[in-house]
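The listed protein sequences correspond, in order, to chains F and Y. Using my numbering, the letters of the first sequence correspond one by one to residues 1 to 243. Using my numbering, the letters of the second sequence correspond one by one to residues 1 to 773.
Certain hints may be false.
[Stated by the list, open to error] List of simulated lysine to any residue pairs, SDA-like, C-alpha gap at most 20 Å:
#1 F:LYS135 to F:LEU124
#2 F:LYS117 to Y:THR397
#3 F:LYS112 to Y:MET685
#4 Y:LYS152 to Y:THR220
#5 Y:LYS98 to Y:MET685
#6 F:LYS135 to Y:THR397
#7 F:LYS130 to F:LEU181
#8 F:LYS112 to Y:ARG401
#9 F:LYS126 to F:ALA199
#10 Y:LYS96 to Y:ASP177
#11 Y:LYS7 to Y:MET295
#12 F:LYS117 to Y:MET685
#13 Y:LYS64 to Y:THR220
#14 Y:LYS588 to Y:LEU600
#15 F:LYS112 to Y:ALA585
#16 F:LYS135 to Y:THR194
#17 F:LYS72 to Y:ARG401
#18 F:LYS112 to Y:ARG70
#19 F:LYS72 to F:LEU124
#20 F:LYS117 to F:ASP84
#21 F:LYS200 to F:ASP84
#22 F:LYS112 to F:MET159
#23 F:LYS126 to F:LEU181
#24 F:LYS112 to F:LYS135
#25 Y:LYS545 to Y:ASN505
#26 Y:LYS588 to Y:MET295
#27 F:LYS117 to Y:SER398
#28 Y:LYS479 to Y:ALA615
#29 F:LYS31 to F:ARG6
#30 F:LYS72 to Y:LYS588
#31 F:LYS135 to Y:SER398
#32 F:LYS112 to Y:ARG682
In case anyone wonders, no lab produced these hints; they're calculated from the structure. Bear in mind the structure is a predicted one, so any value in this text is a computation, not a measurement.
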Amino acid sequence: MIDLVRLTDVNKVYQGGITGALNGVSISVEKGEFAAIMGPSGSGKSTMLNLIAGLDRPTSGTITVGGTDLAKLSEGGLARFRRDTIGFVFQFFYLLSNLTALENVLIPAQLKGGDAKAHARDLLDKLGIKEVADKYPARLSGGQQQRVAIARALINNPMLLLADEPTGALDTHSGDQVMELLGGLHRDGQTILLVTHDAKLATRNAARVLSVVDGRIVDDARLESPERAASEVIRVRSEETSR
Amino acid sequence: MTAVIVKALADLRRRRLQAGVIFVTVLLSIAAGTMAVTLMSQTRDPYQAAFQAQKGAHLQVAYKAGTDPRLLSTTPAAIGATAFGGPYPVSTIQFKFKEQKFFVDAVGRDNPLGDVEVLNITSGRWAQANDEIVLTRSFADLHGISIGDRVKVTSVAQTPLLSVVGEVVDIDEGSADLSSQRAWVQAAAIPSLTSPDSSYYLMDYRFAADPTRAQLQGYTDRLRAALPAGSITGSLNYILIRNIFNITNQILTGVLSAFSIFALAATLAIVATLVTGIVISAYREIGIMKAIGFMPAEVVGVFALQIVIPALAACMLGIPLGTIVSQPLLANSSHALGLSYTPSFSIGMDLMILAAGLLVVAIAATLPALRAGLLKPIAAIAKASAPRGAGGRLLRTSAARAHLPRPVVLGIGDALARPLRAVLTLVTVLLGVATVVVAVGLPRSFLLINNSATGAGNYQVVVTRTSAYPDSEVMRVLKAQPETARVVAIGGQNITVPGVLDPVNTRLYRGDSSRLGFLVIAGRWFSAPGEVLAPAALLRDAHLKIGDSFTGSTDGQVLQLRVVGETYDINNFGHSLFMDLATMASTKPAIEPYMYDVTLASGADVAAYVHRVAAVQPDLIDVHASDTSIITPVQIIDLVLLVIAGVLALIGIGGVFNTLLLNTRERIRDTATLKALGMSPRQVMAMVTASAAFLALIGGVVAMPVGLYLHHVLNDVISNSAGNDTPPAAYAVFNAYELVLIPLLAVAVASVAALVPGRWAARTNVVEVLHAE
Ligand SMILES: Nc1ncnc2c1ncn2[C@@H]1O[C@H](COP(=O)(O)OP(=O)(O)OP(=O)(O)O)[C@@H](O)[C@H]1O
Ligand SMILES: [Mg+2]
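Taking the hints into account, I'd like the entire structure generated from these sequences.
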């Protein structure tokens with residue numbers, strides 16, 4: 001299989017940061033994979049995702065996505081890359097409050113210069129929220145907002161879907177629904193990188209769990225079955241707590 | 001209190017850019033306001049002071065040369081004058097100085113002092129010999145004549161040389177750029193300077209108190225009744241002369257006060273926008289301030305102070321600046337009046353402007369800040385910024401329908417996201433653009449009127465003759481030139497019109513005068529003897545309208561006249577008549593033209609023509625190219641308009657800039673999100689620019705009718721203050737192309753102003769902004 005994402009010896013030191021947020025991370029993710037990134041707070045999960053999304057640049061090391069070396073892209077090139085290649089789902093949804101759900105979904109397509117209304121309605125339908133299309137975000141529940149955000153992430157048919165704790169701001173029930181959705185997308189062939197705190201959520205769908213501690217990958221577990229997954233994750237968690 | 005100041009200063013440091021906007025806009029508007037107030041407080045006083053100091057004449061009357069001097073000496077008593085000067089013999093002379101020829105009224109007067117019309121000698125001395133002449137300083141300055149220069153009198157056959165020995169300021173005539181001028185010689189010198197029909201007696205009258213216009217009218221009526229018919233050939237009253245002195249400053253004061261109110265209004269709109277914006281973005285901080293013990297009034301104080309401190313700094317600079325900038329204008333008018341110029345300012349008035357300015361700014365800052373004072377701490381802490389409506393939806397949908405690119409649609413939506421802010425910003429843009437429209441339009445209107453008076457484009461050469469060289473000779477010489485296409489001959493006479501105080505200066509034409517370029521405001525140009533045109537003031541004072549007939553008189557002879565049209569003429573504030581020379585064909589003595597407006601065949605060499613014709617008779621005729629330059633007072637008004645337009649345009653830009661700063665700061669999270677979704681830096685710039693451009697476009701489009709209306713009104717005010725109605729052509733000085741171009745220019749300027757906030761937004765660091773949530 002082809003590597004869709006490849007990080008080679010990536011380091012990231014934030015301005016004013018004493019230690020690196022990422023220290024020599026090297027991983028690769030194949031097309032069609034559903035990988036979960038886990039780790040304690042402040043371990044560098046979001047940093048990793050942001051770098052892969054081209055939202056920020058590494059201090060050193062190389063990142064390629066779909067064969068493109070992100071370091072070679074200009075600011076404008078990175079923006080185009082995010083628009084065309086990446087779908088990003090945030091913990092706090094970040095819908096634009098003065099646009100309706102449908103308008104929010106359409107933005108990436110419109111930034112590209114196309115009209116994707118039919119596609120957007122299809123997505124909303126598929127995500128089970130077609131009735132909220134013309135509502136403003138303030139009128140939607142958290143779960144609905146996150147599903148709108150997922151539709152927005154998918155509108156340009158991205159090669160890679162990145163989700164940073166997409167259930168973090170949701171109640172259990174809504175969180176389950178969102179994870180269910182991601183699982184369905186994966187079954188349809190979508191490559192997904194998911195950051196989450198919740199081991200159960202992670203293992204229910206992900207076939208691979210990357211564990212990050214202090215900016216280092218400490219474990220990379222490929223799970224054959226859900227049962228195996230649960231035990232693996234429990235091992236990782238106990239390692240974490242023992243540190 | 002210390003806490004309030006410490007906090008306000010800390011916030012100021014954080015919002016330097018906005019403090020800068022407040023500083024600049026307050027500075028500009030307070031400087032304009034100070035100029036207006038300084039000029040206003042000084043406009044009337046200097047003339048009044050000079051009039052008292054020089055014992056100005058309330059009424060000056062010209063009597064026919066043949067009038068019995070003993071009869072004249074009874075006139076002061078007849079009208080109850082408390083003091084009088086004259087009768088002085090006067091002769092209208094032409095003299096030549098360095099190839100230029102001038103007409104002046106040479107007054108025979110042995111003493112510059114006396115009870116009326118004291119002549120203030122500003123340099124040199126009084127004429128003591130028959131070959132000495134004294135000029136007005138205004139005339140000498142305008143034409144570059146100095147003491148010791150010699151002038152050659154060309155209106156009499158002997159062409160005597162006179163030495164200029166003194167310069168004076170005469171309070172009883174207008175300045176040389178607006179009025180004809182007097183000169184003074186020894187009374188004994190007058191006979192040798194007198195040519196036929198060029199002399200008269202002048203008498204000055206002064207009364208115990210300043211008479212009203214009606215009283216003056218009564219005095220002249222009484223004089224007419226007491227003397228043989230036709231004895232009075234002209235008169236001048238102090239009200240007219242005072243108006244001539246004051247008109248420039250009056251117009252300037254009017255223009256400046258109107259526009260400084262604009263500037264202040266725009267500044268207040270910016271202040272209110274800014275404070276509202278700061279309060280909105282500082283919700284959480286307000287909550288914290290309250291939680292740690294700030295009283296509501298102190299919270300308000302923190303926000304108001306952030307505005308008042310830069311405003312105070314701006315006033316400290318702007319008030320002296322406005323005072324200094326108005327000094328040249330004041331110096332100009334006191335110079336004209338022969339008053340020694342002392343830099344004039346009043347600390348008291350400046351302090352009042354300071355207090356008033358700060359008070360108004362403080363109120364504009366406090367009203368929106370009250371919202372912060374009233375906020376409940378818990379609610380405020382919970383919400384980082386004030387809730388925002390889904391504003392601009394309709395607009396956004398229609399913009400989207402118009403298939404504008406998404407960043408543009410988003411930008412337009414942002415522009416209106418906060419309706420109050422949008423409205424206040426539109427006000428600043430509107431005032432700026434409307435002022436620019438006025439500043440573009442008025443000078444054009446002035447130019448149009450100026451051209452009608454100077455014949456620009458209609459005739460190129462003006463010839464004047466002295467009585468020593470007959471009309472028929474001039475015509476023969478002109479007709480003999482191959483380039484001469486048309487000659488219109490002009491004569492002058494004063495005609496007494498019922499109901500009008502002073503005899504009316506009348507211009508009499510022979511030839512095709514309809515093609516000289518005079519503006520006909522209503523009715524038509526005259527086409528037969530007896531038909532006349534007049535400006536608005538004369539028609540009003542004489543209670544005449546187009547179609548009315550009336551009886552005028554000159555030299556005791558009656559003229560039947562009929563008004564066929566209204567024209568434009570600022571001479572004597574709209575008191576003049578225009579008619580065919582043939583109207584006076586039967587009056588005795590016969591009136592002969594003395595001036596010729598010559599139209600040359602197209603492509604003719606004007607300078608060569610002037611040179612050739614002048615050489616025919618170097619002394620007895622004066623030939624020069626028509627002077628189409630704009631008179632100094634109008635140039636000053638044009639300049640002030642330009643500066644004012646610059647000021648309001650800058651304030652408008654400040655308004656847009658300020659709003660963009662607030663919008664981009666408030667929307668930084670949205671911008672970060674959009675960037676995460678793939679909006680490129682260029683698209684972010686486009687979004688911010690679209691916001692600015694949209695505000696400028698709407699403001700600019702609305703400003704066009706407002707500006708055109710203001711242009712209309714100001715034209716009327718200025719024309720009326722000079723005794724005229726506005727010629728319709730003076731309104732229509734914009735072409736359709738410009739009406740579109742001006743709002744587009746506003747859009748362009750606003751887009752440039754958007755560069756700073758746009759770049760700032762484009763450089764938003766997504767990770768940092770979203771991480772900070
Ligand atoms: N923009 C930034 N500027 C400075 N330091 C940052 C920034 N973003 C993250 N960090 C720091 O980098 C480290 C890694 O942060 P990161 O957000 O990647 O962790 P995380 O694993 O996503 O944590 P969490 O589970 O809390 O979201 C932390 O120490 C954090 O404080
Ligand atoms: Mg994180």
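Tested hints:
Of the pairs offered as hints, the one joining LYS135 (chain F) and LEU124 (chain F) holds, with about 12 Å between alpha carbons and a cut-off of 20 Å not exceeded. For the suggested pair LYS117 (chain F) and THR397 (chain Y), the alpha carbons sit about 14 Å apart, so the restraint of at most 20 Å is met. With a CA separation close to 16 Å, the supplied pair LYS112 (chain F) and MET685 (chain Y) stays within the 20 Å bound. With a CA separation close to 36 Å, the supplied pair LYS152 (chain Y) and THR220 (chain Y) exceeds the 20 Å bound.
Of the pairs offered as hints, the one joining LYS98 (chain Y) and MET685 (chain Y) is violated, with about 64 Å between alpha carbons and a cut-off of 20 Å exceeded. For the proposed pair LYS135 (chain F) and THR397 (chain Y), the alpha carbon gap of about 14 Å is at most 20 Å, so the pair holds. With a C-alpha separation of about 15 Å, the suggested pair LYS130 (chain F) and LEU181 (chain F) falls inside the 20 Å cut-off, and the hint holds. Between LYS112 (chain F) and ARG401 (chain Y) the CA atoms are separated by roughly 17 Å; this keeps the pair inside 20 Å, and the hint holds.
With a C-alpha separation of about 26 Å, the suggested pairing of LYS126 (chain F) with ALA199 (chain F) is violated against the 20 Å cut-off. Pair hint LYS96 (chain Y) plus ASP177 (chain Y) holds up; C-alpha atoms about 18 Å apart against a cutoff of 20 Å. The suggested pairing of LYS7 (chain Y) with MET295 (chain Y) holds, with an alpha-carbon distance near 13 Å, which does not exceed 20 Å. Using a Cα cut-off of 20 Å, the hinted pair LYS117 (chain F) and MET685 (chain Y) is violated, with the two alpha carbons roughly 25 Å apart.
Taking the CA atoms of LYS64 (chain Y) and THR220 (chain Y), the gap is near 15 Å; set against the 20 Å cutoff, the hint holds. Proximity of LYS588 (chain Y) to LEU600 (chain Y) is assessed by CA-CA distance (about 33 Å); at most 20 Å being required, the pair is judged violated. Distance check on the hinted pair: LYS112 (chain F) and ALA585 (chain Y) sit about 86 Å apart at the alpha-carbon level, beyond 20 Å; violated. About 96 Å separates the Cα atoms of LYS135 (chain F) and THR194 (chain Y), which puts this hinted pair outside 20 Å; it is violated.
In summary, the hint linking LYS72 (chain F) to ARG401 (chain Y) is not supported, as the alpha carbons are separated by about 37 Å, beyond the 20 Å threshold. Of the pairs offered as hints, the one joining LYS112 (chain F) and ARG70 (chain Y) is violated, with about 101 Å between alpha carbons and a cut-off of 20 Å exceeded. Distance restraint check for LYS72 (chain F) and LEU124 (chain F): the Cα-Cα separation of roughly 35 Å exceeds the 20 Å cut-off, and the hinted pair is therefore not satisfied. Taking the CA atoms of LYS117 (chain F) and ASP84 (chain F), the gap is about 17 Å. The hint holds against a cut of 20 Å.
Distance hint between LYS200 (chain F) and ASP84 (chain F) is unfulfilled; the C-alpha atoms sit about 31 Å from each other, more than 20 Å. About 15 Å separates the Cα atoms of LYS112 (chain F) and MET159 (chain F), which keeps this hinted pair within 20 Å; it holds. The suggested pairing of LYS126 (chain F) with LEU181 (chain F) holds, with an alpha-carbon distance near 9 Å, which does not exceed 20 Å. With a CA separation close to 24 Å, the supplied pair LYS112 (chain F) and LYS135 (chain F) exceeds the 20 Å bound.
Between LYS545 (chain Y) and ASN505 (chain Y), the direct Cα distance comes to roughly 19 Å. Compliance with the 20 Å bound is thereby established for this hinted pair. Using a Cα cut-off of 20 Å, the hinted pair LYS588 (chain Y) and MET295 (chain Y) is violated, with the two alpha carbons roughly 91 Å apart. Proposed proximity of LYS117 (chain F) and SER398 (chain Y) is supported: the alpha carbons are some 16 Å apart, at most 20 Å. About 15 Å separates the Cα atoms of LYS479 (chain Y) and ALA615 (chain Y), which keeps this hinted pair within 20 Å; it holds.
For the hint linking LYS31 (chain F) to ARG6 (chain F), the alpha-carbon distance of about 11 Å falls within 20 Å, and the restraint holds. In summary, the hint linking LYS72 (chain F) to LYS588 (chain Y) is not supported, as the alpha carbons are separated by about 100 Å, beyond the 20 Å threshold. Under the criterion of a C-alpha separation no larger than 20 Å, the hint pairing LYS135 (chain F) with SER398 (chain Y) is consistent with the structure, at around 18 Å. Taken as a hint, the LYS112 (chain F) and ARG682 (chain Y) pair is honoured in the structure, with Cα atoms around 13 Å apart against an allowance of 20 Å.
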